[in-house]
Amino acid sequence: MATTHAPALAKVARRARRLSANTVLILMVPIFLAPVIWTVVQSFLPGSGALRIPPVWVTAHPTIANYSSVFNLIPFFTFLFNSVKITLIITCGSLVTSALAAYAFARLRFPGRNALFLMFLAALMVPNVVTAAPTYVLMHSLHLATSQTAVWLPGLINVFGIFLLRQFFRGIPRDLEDAARVDGLSTLGVLRRIILPLSKPALAALAILIGTTTWNDYFWPSIYLTNRSQMTLTVGLVSLQGEYKEGSPLVMFAAVSMTVLPLLVLFLFTQRAITQSLAMTSFR
Amino acid sequence: MDRREFLKLAGATAAVASASRVPSLLRKSDLEPDDTVTGHVTLAFFGAADIIKAWDVIFADFNKVYPNIKIDAVPIAASTWSTYADAAILQMAGGRQFDILQGAINIQRLLITKGVVAPLDEYIERDKAQLAPYYADENPQFLAWNKSIISKGGPTYYLPADYNTYCCWVNTEMFEKAGVPVPSDGWTWDDLMAAGEKICTSPGTYLIHCDPGDMFFFQPWALTNGGTLLSADWSKATLDSPQTIEAAAFAQELCLKGYSPKPGGAFDDVVEFVDNKLAIFGCGMWLNPGIVAAKAAGKVKIVAWPQKVRKGTSVGWNAYPITKSSKNKEAAWSFIKYVASTRAVVNLTATGQATPGRKSIFFADLHKAAPEQGIDEFWNEVSYATPVPSPDASDAVNAAIIKTVTQLYSSNADPKTLMTALNTQVSGYLNNSGPGGIS
Numbered sequence: 001m002a003t004t005h006a007p008a009l010a011k012v013a014r015r016a017r018r019l020s021a022n023t024v025l026i027l028m029v030p031i032f033l034a035p036v037i038w039t040v041v042q043s044f045l046p047g048s049g050a051l052r053i054p055p056v057w058v059t060a061h062p063t064i065a066n067y068s069s070v071f072n073l074i075p076f077f078t079f080l081f082n083s084v085k086i087t088l089i090i091t092c093g094s095l096v097t098s099a100l101a102a103y104a105f106a107r108l109r110f111p112g113r114n115a116l117f118l119m120f121l122a123a124l125m126v127p128n129v130v131t132a133a134p135t136y137v138l139m140h141s142l143h144l145a146t147s148q149t150a151v152w153l154p155g156l157i158n159v160f161g162i163f164l165l166r167q168f169f170r171g172i173p174r175d176l177e178d179a180a181r182v183d184g185l186s187t188l189g190v191l192r193r194i195i196l197p198l199s200k201p202a203l204a205a206l207a208i209l210i211g212t213t214t215w216n217d218y219f220w221p222s223i224y225l226t227n228r229s230q231m232t233l234t235v236g237l238v239s240l241q242g243e244y245k246e247g248s249p250l251v252m253f254a255a256v257s258m259t260v261l262p263l264l265v266l267f268l269f270t271q272r273a274i275t276q277s278l279a280m281t282s283f284r
Numbered sequence: 001m002d003r004r005e006f007l008k009l010a011g012a013t014a015a016v017a018s019a020s021r022v023p024s025l026l027r028k029s030d031l032e033p034d035d036t037v038t039g040h041v042t043l044a045f046f047g048a049a050d051i052i053k054a055w056d057v058i059f060a061d062f063n064k065v066y067p068n069i070k071i072d073a074v075p076i077a078a079s080t081w082s083t084y085a086d087a088a089i090l091q092m093a094g095g096r097q098f099d100i101l102q103g104a105i106n107i108q109r110l111l112i113t114k115g116v117v118a119p120l121d122e123y124i125e126r127d128k129a130q131l132a133p134y135y136a137d138e139n140p141q142f143l144a145w146n147k148s149i150i151s152k153g154g155p156t157y158y159l160p161a162d163y164n165t166y167c168c169w170v171n172t173e174m175f176e177k178a179g180v181p182v183p184s185d186g187w188t189w190d191d192l193m194a195a196g197e198k199i200c201t202s203p204g205t206y207l208i209h210c211d212p213g214d215m216f217f218f219q220p221w222a223l224t225n226g227g228t229l230l231s232a233d234w235s236k237a238t239l240d241s242p243q244t245i246e247a248a249a250f251a252q253e254l255c256l257k258g259y260s261p262k263p264g265g266a267f268d269d270v271v272e273f274v275d276n277k278l279a280i281f282g283c284g285m286w287l288n289p290g291i292v293a294a295k296a297a298g299k300v301k302i303v304a305w306p307q308k309v310r311k312g313t314s315v316g317w318n319a320y321p322i323t324k325s326s327k328n329k330e331a332a333w334s335f336i337k338y339v340a341s342t343r344a345v346v347n348l349t350a351t352g353q354a355t356p357g358r359k360s361i362f363f364a365d366l367h368k369a370a371p372e373q374g375i376d377e378f379w380n381e382v383s384y385a386t387p388v389p390s391p392d393a394s395d396a397v398n399a400a401i402i403k404t405v406t407q408l409y410s411s412n413a414d415p416k417t418l419m420t421a422l423n424t425q426v427s428g429y430l431n432n433s434g435p436g437g438i439s
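Chains A and B, in that order, give the protein sequences. Counting from 1, one number per residue, gives the positions in the first sequence under my numbering. Counting from 1, one number per residue, gives the positions in the second sequence under my numbering.
FYI, nobody ran anything at the bench for these hints, they're computed from the structure. Some hints here could point you the wrong way.
[To be verified] List time: in silico DSS-like cross-link candidates among lysine-lysine, alpha-carbon distance up to 27 Å:
#1 Lys147(B) to Lys327(B)
#2 Lys128(B) to Lys245(A)
#3 Lys368(B) to Lys245(A)
#4 Lys245(A) to Lys53(B)
#5 Lys245(A) to Lys295(B)
#6 Lys245(A) to Lys257(B)
On a predicted model such as this, the values are computed, not experimentally measured, just so you know.
Using the sequences and the hints given, assemble the complete structure.
This is the structure:
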């Protein structure tokens, strides 16, 4: 009898575990979403109705006044365009350089390969503030210090990306590459036609990581971008605070809402691919 | 259009419009147009979004006086003066050329000890006739502080410009409605606490906003109780003195009683004040455009900080030094003379966000841009105000004070324990790297 009922019991236990996990997740949703929703709702409230306790979650009389103020105070669309441009350049560019470098470290044999890779990894341990001055000196000597190039050029080399892709590439069977070479593919051909198509999940995960990091980056743009026509959204947001923090919180909320909106929209449309790629990458 | 929107949009517009009227044209100028000085000058300044348009007006007017000097304005967007200084110094260390670097008191010593700024004495001596109106008119207190605590008896690096003291902006409507006498000069901590009982009768209505966001805001509590944050020369921490601890306890009590909103979240002083939900906020001139734009200036009365044993408040001021590395110091000096001149100070004052250090302009022009009752208090306070401590390590000191005061205002933690620990921490910052503290 016991053996007859065992599969059924296991099934029930699995369902119970899944149900309890989903219940916990559903209960956690408001905790994660509440600050975002609150910020967006506040940005549509008039000053007299905002920032109240208990919080206002819905309003019958929304206003776009705070959004108007944002556009009055900063050239929002210029900043948005700059953020999109720099994020795209760094994301696409670093995927290319990371894939090339990672493949070299994963498959090609050359003297000092491991030592060089260790040096790259060591660079991960160095915080931004330490490299800020030498990087600025370098950019200045290249006459790039006041341009957007100074922000995206160093960003094209992403050590973490190289590390991540190297580990992924090493998991791909060599037999596939050998077969491709027998069919006449060159090293770059193998990378382009065999390795990269098989590495889409890792590439997607890396693109997400680099894209969001670049989008949210304030440190480098604040150092290099001192011309308003070149600034990014993060720098623009900080300038809204004012010299004495006199900037309106509601105007800040409006600007923040518009800043996260492109990422949210992107996430909504690519949610399935993102979660799949992150899951697959993490399993390796 | 709600009040907040009106506040910002109209504030900025009014500031630019007022500045555009160039009231200086009606005034005898102490700076005649000069086309002999030529060249290119790069000015780094704190790039706050709400003041940039007003700066454009200033630059345009500067070019009327010095048509052959091209100003390359570099707004550095930063969250604090220290991060602004870090960004500017990093860029200069990396080879970027700034000729002039806007610097509030917070970073003036730092710029000197880092060797960033150049002495002005030769220029001052050479152009003393041109600067005579400035020296005759500038509040002597700022000139004295500039010599004693900034230059420390050494060369002159700065000409003090606009300033801020920390005053109480009192909502007279709320006081009158609660049947509480509107505060006036000499009012006390006891008066403040007593007003809380009558004004804070409903949830969400506050007597005062105890803002932990800067040591500038906390210092008046200590000063009015006879205490200090640092010693007069900024070399020693005095945060554990009985007077300062008692002041901390008093401010904490205001929060515990619900007379002040607790830290955390967002609290908009202007919105709450306009809506009669906040009876007092502490501020310099920086929220004036918002108050004026919201048409709330009529119910404001500016008064001194309430006192326990003596008068006291914080003061800080701006300046525009020439950098040591400037390759066109003559043109940079021209800009500094311009900023000190009547026409520039009048134009800056017209923005409603700058308190002029020049007496004649304060009393002739500030009232137009800041019509609040008792605005003269900003001038009177300078006589007994204490400069906000600005050692080299002011960023670390300020961050430590903000953290502790936030703890103080948001909990019932023992003030003595907190302030003693804070004093040890701040002493470490001051001792770790010589006379100015860490850098």
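Verification of the hints:
1. Proximity of Lys147(B) to Lys327(B) is assessed by CA-CA distance (about 26 Å); at most 27 Å being required, the pair is judged to hold.
2. Taking the CA atoms of Lys128(B) and Lys245(A), the gap is about 37 Å. The hint is violated against a cut of 27 Å.
3. A hinted pair counts as satisfied when its Cα atoms are at most 27 Å apart, and Lys368(B) with Lys245(A) qualifies at roughly 24 Å.
4. With a C-alpha separation of about 18 Å, the suggested pairing of Lys245(A) with Lys53(B) holds against the 27 Å cut-off.
5. Simply put, Lys245(A) and Lys295(B) have alpha-carbon atoms about 21 Å apart, close enough for the 27 Å limit, and the pair holds.
6. Only pairs whose Cα atoms come within 27 Å are accepted, and Lys245(A) paired with Lys257(B) is accepted, the gap being roughly 26 Å.
In terms of the numbered hints stated before, the structure departs from hint 2 and from no other.
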